[in-house]
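Here the sequence shown stands for residues 751 to 1000, numbered as in this note's numbering.
These aren't lab readings, by the way, just hints derived from the structure by calculation.
Among these hints, one or two may not hold up.
Said to hold, decoys possible - Simulated pairs of lysine to aspartate or glutamate, EDC-like, Cα-Cα distance not exceeding 20 Å:
#1 Lys-988 to Glu-962
#2 Lys-921 to Glu-956
#3 Lys-952 to Glu-935
#4 Lys-936 to Glu-992
#5 Lys-952 to Glu-962
#6 Lys-952 to Glu-992
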Amino acid sequence: MDKPKKILNNKQLFQKEAVINTLIFILIISILLYADFGMLTGLGILAALLGIYFSLSLRYLFVAMIGVCAASSSFIGQSMVAYCPYCTAAAMCFLIAGTISLMRIASKYTFISLVLCGVTLVSVGMFTWSFTAYADTREPVIHNGQATMVAKERDISKPKLYLSTTCPSCKGVIADFVNNDPLGEKWLPVVVPHSNLAQGEKMLQELGYQGEVVSASYPPGNRLPTLDIQGEIFVGSKIEFEEIAKGETK
């Protein structure tokens, strides 16, 4: 009588973990849907849906791999491109679900568990280093041999276009701005993060831009591209240079 009861308790425990993980993955989907839809949003939602399927089927090895790999990919991506609060929230949820499942398989899949733990440590380390290194947007940046500060550029009233070299949605917007004002007389490109300043300057020059280029750790609202016209924020691939002209007439 004791043995069947013990098995039943274990199944109940598994079911409880499956429900917790399922709720976490549902939360991830909600976060990603609430955030601005980007290139990797669909992949994140797909990973969460797979996480729900494997959680309900009690296949914790796959849940652990999905959770840890999705979280690590997000952390590494943000460390290389730009900090995103919604991405970080989703990544933390992925990591929690992955950790819960990892605890269930650690004794059976020791090597895989160690590998997943190592990937997690590396990705979290990269994310932490990049966040602490570039958290202050007022940090001096070396540009053309001189220090430039984003918070104290020469013309503080000039509209600022925040962009990234790895942002697909930025390309059309950048081309439009460069075509309308290649000298940057009415706008200022701001490359994010700081580490991409040189690449951003090169990309702008290849498009024909001849003006000043500065950088920041992340844009207002942490979305790209972003146009800041004296505190009025425009976000997304639909941004046009005409917004600057409209702002001048107000």
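Are Lys-952 and Glu-962 close enough, with their CA atoms no more than 20 Å apart?
12 Å, holds
When you check the alpha-carbon spacing of Lys-988 and Glu-962, does it fall within 20 Å?
24 Å, violated
Do the alpha carbons of Lys-952 and Glu-992 lie within 20 Å of each other, as the hint requires?
25 Å, violated
For Lys-921 and Glu-956, compute the direct alpha-carbon distance and say whether it is at most 20 Å.
12 Å, holds
Assess, step by step, whether the Cα of Lys-952 is no farther than 20 Å from the Cα of Glu-935, and give holds or violated.
19 Å, holds
For the pair we were handed, Lys-936 and Glu-992, check the Cα-Cα distance against 20 Å.
11 Å, holds
The structure is inconsistent with the numbered hints 1, 6, although it conforms to all the rest.
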